[in-house]
Amino acid sequence: MSSSTVIDKKIIMKRFHSPKTVIARFVAKRTIRSATLWALFFAIYVASKAIGFVDTYPTAVARQKVAETFSNNVGIELMLGKAPRSGNTGAYVAWNTLAVMVIFGSIWAVLLAAKYFRGEEDTGRWELMLAGQSTARGAAMNNLAGLGSSLVVFFAILAIAFSAIGRSKGVDFTTSAAMFLALATVLGIVMFLLIGALASEIMPTRGRAAAVATTVLAISFILKAIGDVTSFNWAINISPLGWVENLKPLAGSHLIWLVPIILSCLILAVFTIYVAGKRDLGAGIISDQDSKKANFRLLGSPYWANLRLTRSNITGWLTGITVAAVLYGLMTKSAAQAFSQSKGAKHLLNSLAHQAQHSTILIFLGVVFLLQMTIIMAYVASAVSAARREEAEGLLDNFLVRPYSRLKWIGGRLMLIILVALSAGALTFISLFLATAYQHDNIATNLLLGACVNALVPAAITLGIGVLAFGFIPRMSAFFAYGVIVWSFLISILSSGISINHWILDTSVLNQIVLAPAVNPNWATDIIVLLIAAILCLIGVLRFNRRDLASL
Amino acid sequence: MNKNDIAIKTTGLTKRYGSVVALDHLDLEVHRGEILGYLGPNGAGKTTTIRSILGLIKPTSGTAEIFGIDSQQNKVLAHSRLAYVPGESIFWPSLTGAETLHLLGKVHGQIDPKYQKELIKRFKFEANKKVRTYSKGNRQKINLIAALSTRAELLIMDEPTTGLDPIMEQAFKQSVLEAQANNQTVFLSSHILEEAEALCDRVAILRSGKLVELGTLAQMRHLSAVSIQATFEGVPPNISHIQGVSNAIVTGHQLSCQVRGSIEPLLSVLSAAHPKTLLSREPSLEELFLSIYGDGEVNQQAIG
Ligand SMILES: Nc1ncnc2c1ncn2[C@@H]1O[C@H](COP(=O)(O)OP(=O)(O)O)[C@@H](O)[C@H]1O
Ligand SMILES: [Mg+2]
Chain A
32 MSSSTVIDKK
42 IIMKRFHSPK
52 TVIARFVAKR
62 TIRSATLWAL
72 FFAIYVASKA
82 IGFVDTYPTA
92 VARQKVAETF
102 SNNVGIELML
112 GKAPRSGNTG
122 AYVAWNTLAV
132 MVIFGSIWAV
142 LLAAKYFRGE
152 EDTGRWELML
162 AGQSTARGAA
172 MNNLAGLGSS
182 LVVFFAILAI
192 AFSAIGRSKG
202 VDFTTSAAMF
212 LALATVLGIV
222 MFLLIGALAS
232 EIMPTRGRAA
242 AVATTVLAIS
252 FILKAIGDVT
262 SFNWAINISP
272 LGWVENLKPL
282 AGSHLIWLVP
292 IILSCLILAV
302 FTIYVAGKRD
312 LGAGIISDQD
322 SKKANFRLLG
332 SPYWANLRLT
342 RSNITGWLTG
352 ITVAAVLYGL
362 MTKSAAQAFS
372 QSKGAKHLLN
382 SLAHQAQHST
392 ILIFLGVVFL
402 LQMTIIMAYV
412 ASAVSAARRE
422 EAEGLLDNFL
432 VRPYSRLKWI
442 GGRLMLIILV
452 ALSAGALTFI
462 SLFLATAYQH
472 DNIATNLLLG
482 ACVNALVPAA
492 ITLGIGVLAF
502 GFIPRMSAFF
512 AYGVIVWSFL
522 ISILSSGISI
532 NHWILDTSVL
542 NQIVLAPAVN
552 PNWATDIIVL
562 LIAAILCLIG
572 VLRFNRRDLA
582 SL
Chain B
115 MNKNDIAIKT
125 TGLTKRYGSV
135 VALDHLDLEV
145 HRGEILGYLG
155 PNGAGKTTTI
165 RSILGLIKPT
175 SGTAEIFGID
185 SQQNKVLAHS
195 RLAYVPGESI
205 FWPSLTGAET
215 LHLLGKVHGQ
225 IDPKYQKELI
235 KRFKFEANKK
245 VRTYSKGNRQ
255 KINLIAALST
265 RAELLIMDEP
275 TTGLDPIMEQ
285 AFKQSVLEAQ
295 ANNQTVFLSS
305 HILEEAEALC
315 DRVAILRSGK
325 LVELGTLAQM
335 RHLSAVSIQA
345 TFEGVPPNIS
355 HIQGVSNAIV
365 TGHQLSCQVR
375 GSIEPLLSVL
385 SAAHPKTLLS
395 REPSLEELFL
405 SIYGDGEVNQ
415 QAIG
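Line by line, the protein sequences give chains A and B. Quick note, our numbering runs 31 ahead of the 1-based positions in the first sequence. Quick note, our numbering runs 114 ahead of the 1-based positions in the second sequence.
Next comes chain B alone, as it looks inside the complex (with noise of 0.2 Å):
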């Protein structure tokens, strides 16, 4: 592929923090044009990803590219490539929203202002108060809006939907599809997972600073679990010993897990119960993110 091609490369990017590895040899490439889905639970090392890819931290060691260009070395070349929304917004409380707006742009460049125009009314956003008077999802508000009206090739987003509304959220999630309209790529940090599967083309899954699993959804689902959902007239069997079961949950006469491998050794512990129902399907993020996480944890838990 043409380095033209590849807008986000991280080869063995580390971050230590004394003792505490925030993130551990990450080798990661992001394509030109696609939305990638970053998920991870707090801590796992997102935020600090984006910050090395950035250049505002320094990385302890390995380098990352945005289009070629090492970010580290040459950080105003590669800004001028993307625009970047964090997970918290943080504006000079005396200036308005139009005047942080204006200063955002100034700084990045260029912006296409009538698709800023267009994304403020889509945003509902009040330009004409002081930040200061602005909750937390007016001010992301901003971020997202200066962001998304550079255009620029690549969007890279840490947890943006933070404080905003569900309307909102939908606002969002057609600027993005838009951007990916406009042959703009789109890194998209997030926890919520309900998010990623709507938009993202593949996902990285990122735990404990270490990169787990990486795929289209449709990759990751045949990796992963199937989702098991019986009720019984009496009390659910014990399967928590089984093979390749996990997040084993039981509620008074219903049970719900999830397994791995061959689900042959399961359906005969639950067939010989006489279960009353008995769904399978295919796991959602949020349990396939249960499956990968639950590992090692509480793998059965009785609520009574």
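This is chain A alone, in the form it adopts within the complex (with noise of 0.2 Å):
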């Protein structure tokens, strides 16, 4: 080629219209897809319990008994809040759903704001943007603006769900109802997105802005339920997730809770961008020193640098674990009391646990146990997606460009996953022993420690699928590892309300593991889903020797 290229004196700049908004338009298109996946799962997720329960109780009669049965299941009321005395459909499905859609929708918002607030920042992203237009609180409302409009079309979308729920035939609430849970439900998870905001400006890092959110949200759970099932009945006042049940949706509507909610929103909200202000950018409020005198211990070998690295998390895993045990456990006498006061006690129906010799404690404790067994397949699949991190971020290659093979690599990594597993179930094991010791609750140890061990089931199984997807494809490891539980939440939770054909049901781990101690564990299932986890593991550890190391 031989042509003369003129290069033409005037300069044409390309011009992004209202550069003022352009991360809250950035952050909107990123996120609203997953807003309307999240919504569109809750509106059938809403669906399924309402047309479940007019199919299953056709007759008012049946749905005032129903009624009378759950208000006095304390398992359940542990998870949900109290049940409404009525037999009102609409009561029935705002209790029924309420609680799992905020605390679902919660989780998801928190990881979302630590990854605007925090992540972008973190791999330098938004250095880049700053750079060119906003201030760091410009960049924080335009993150919150962002979100925002994500959760408006979430609103949206569970409004309109709702209000045609509400005109199907048999279930029968008024749009302003449907629309007032929709708003309950939206509202429960702004307040934890904005948790996590503030939490991303004050933390020093992503990881634990997102622990800290999750802690605040755990300890709401934990008040509501102490409320909801113990006489500590102010105690669900206090926490804010309580403040989203008190609205009692289509069961009185108690429009005045709507002001603690929107109070602590709005000043979640101004803090987050005073905040923003304060602070330079990647520092975050409480910062680490920067520069301190060298410390030697457990850094050996690639294993103890992994211990030394995650042992805060870690230990913040395993508190969390401790004391939502010994809370439960606390409570199980009382909750027991309370239960065999009520009238309803003996029309008790648990479909649970239907098999199970009904001693409300062991019911009771069941659903404690089922708690715990989701923390544990959380820690597990947040470990399983922090080997996968180290591998994209390239910090792994600092040790497999040195004579130190991947095996002993994942091999330590998963030693240190199970050992981290056990503990946990040796903690709840001991906390509930004592709890329940103390307040002579009687439960035979060996029952205590059984279900300790089924309740180490599913994590198993978390890690062998973990595993497996970090071997063949690294980058969904995350995904697939947090995939179990959620799917298996999905199934359980929806197969409460409509039919599931029973191949779909059977992929569900906790549908293979019975609530232990109310029922007792199936140990041949237990011990085949282990072979299973371990092989799954095996597999994708040998594979993940002989494969390309992935970046993100």
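Some hints could be false.
As a list, the in silico PhoX-like pairs of lysine-lysine whose alpha-carbon atoms are at most 20 Å apart [as the list claims (entries may be wrong)]:
{"#": "1", "chain 1": "B", "residue 1": "K238", "chain 2": "B", "residue 2": "K228"}
{"#": "2", "chain 1": "B", "residue 1": "K228", "chain 2": "B", "residue 2": "K250"}
{"#": "3", "chain 1": "B", "residue 1": "K243", "chain 2": "A", "residue 2": "K323"}
{"#": "4", "chain 1": "A", "residue 1": "K439", "chain 2": "A", "residue 2": "K113"}
{"#": "5", "chain 1": "B", "residue 1": "K231", "chain 2": "B", "residue 2": "K243"}
{"#": "6", "chain 1": "B", "residue 1": "K231", "chain 2": "B", "residue 2": "K244"}
{"#": "7", "chain 1": "B", "residue 1": "K243", "chain 2": "A", "residue 2": "K324"}
{"#": "8", "chain 1": "B", "residue 1": "K231", "chain 2": "A", "residue 2": "K324"}
{"#": "9", "chain 1": "B", "residue 1": "K228", "chain 2": "A", "residue 2": "K439"}
{"#": "10", "chain 1": "A", "residue 1": "K324", "chain 2": "B", "residue 2": "K238"}
Listed next, the stretches of chain A that the computed footprint assigns to chain B, with coverage defined by at least 3 CB atoms under 8 Å from CB atoms of chain B [stated by the list, open to error]:
{"#": "11", "stretch": "326-333"}
{"#": "12", "stretch": "412-426"}
{"#": "13", "stretch": "568-581"}
Hints listed in this document are in silico derivations from the structure and should not be mistaken for laboratory results. We put the CB at the ideal spot given by N, CA and C, even for glycine.
Bring the two chains, given one by one in their own frames, into a single complex with the hints.
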């Protein structure tokens, strides 16, 4: 080619419209899809509950009867809150779905907030945008606006869906009631989104921000649970999740509880924006020391280094698991008493544990173990994701370019994860044992121990599937590891409303694992699940040993 | 040659990503004690080569050996003979520089602590700060110091001076020459030609995954073009059609180009246009690069 190129002196710049809102639009664009998906899922969930209820209990008498039963099931009330006394379909549906939607939605919102308020910054992308136009405060406002607009879409979908459900035959609740249910759901989620945002401004890293916000969520859940099942009813009124429960949509609608919710949202938003302007980019208000004397403890090998680098994280998980177990343990007596005094005790019909000998405490403990089981699964999923993140960011390269084998690295990782999970089981056992012994509940030790072992099985399968994904599709490791939990819950939640093909039901780990100690653990199933988990791990490890390291 | 005298040997080393051939049948030998420059523009396949040699990625076909050890089959043993400096240094933000160096040394298995201290001084490295506070260049220093202080027989470096300031680049050059004096072998991937020119005994040039040149700088010069610069009273003549001419650039009254093979046809055109000045010299590596990669691309640019 021998053409002559002449460069024109006129320079034409591309201008982007309204640079002041560029981050907001960027964030909105990237979050609107997951908001839509969650909203659609919640809509299906509520619809399945409503239709299921109307189908199963077609007459008003039957509904009244079942309402009494529910209002006496302390395990279910621990999770969902005080059951409505009336057999009104709307009240039942709202009670049955609101807590679940707010908790799942809040976890999503917290992760989203940490991602946009912290993650983009941790990876340096924000600096590019800030260098362009905005101030840190402007960026925070932009972020809030972006996430806010996704939540507006979220609200709109819920409002429309709930109104449609309310109009369907037999369900019958008004459009304004449906809007209120949607509003209660969204406001609960917004509160935790803002808690996540503020934590992101205060904490030095994205991981810690998410941890702090999730801890607040866990504490509000426990406070609310205490208020719901013990005589410390006031505990509900100091928990953000409790405020949402107190709104009682479709069952009286107590508008007054909008006041603390909206007020705390405003305060959190103002604080977030204020703090954003107060700190240096990337520093956080609570920052670590930047310079210190070297401490070579636990830096002799990758295995110990991993322990040192994750010890505060592990301590956090184990503390959370122990505190939860102690609190639940201390609730057993009072929950059992509240139950035995109720007149509906005789009607007890528990769909979760129908083949059990119905000792109330055991049923209650069954639900407690379900919650502990979930937290341990979540730990395992987070640990698998962390291993993958270490590879993606290139930290793993530092070991593998040196004389250190991949098998040793992944083996060390797995060993630590298993040790922490076992410790979590042991701490749960000890806490519940001491707490129930202290109240003279007379729970047989072997029952508790069996339930603890049983509760670790789902964690094993989470690990197996996570490691398998890590071996074959590393970029999807986190998706699959957390997916095991979400999928199992989706199936369990949906199957309680609509009938689901038993093949699909069988894919849910929670469907395989019984709620010990309410039911005797099915050890044969447990062993098979453990074996499958071990094989999946092994295949994943061997594949990882031979595959390309993959960056982000 | 004895197996132990060949530090790196690749045979038909190939890496494909779907339809992209990142590395195409690379046959290369790096001799013990030499500094080999591995040059190529971005995306040529330098990093792919190094990651395949290290066993971080699995080649589609072909083998790589480190001192005769197959580096895919026996990674740990192969790695015990080498130290590696990547182009991008990523470390744990909450550890300090000193702590990171300690950990990396432990994983390698042995270091020369006295030399490490000397390197910390030479690179003006502030080891007591947390990694999160370091700039890119400071993080790069950790990898340089960690690798050099192992005194490994083979140093593999992938654009190691990214982010270093000119003074630190000087310190880097000194350290590489020290390593060579210590009978270590250096495989230096770079796109900074001046660096390669100053350090390397031989250079290999990679283009789109293929090895296009391999030899000493002297050999390459012989193979390649001569640089010509000329100035004229009026408009320089059009030379782009002349056999062997490449990279012709006209700036006002000045013309510069490279020519391969016989320079007679060019000289006759130039002298017919009555040049005011005429300068010919051996090309720098930079110009060598352009004459290799310029082919088929833009040969003449007029800026006016
Ligand atoms: N993981 C990957 N997936 C797909 N293509 C890749 C991947 N890694 C590298 N490539 C491609 O391989 C080629 C060589 O890349 P690289 O070795 O990084 O070049 P260099 O280090 O010389 O700049 C480039 O075209 C790049 O896009
Ligand atoms: Mg590269």
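* Any of the earlier hints contradicted here, and which numbers? -> 2, 4 and 9
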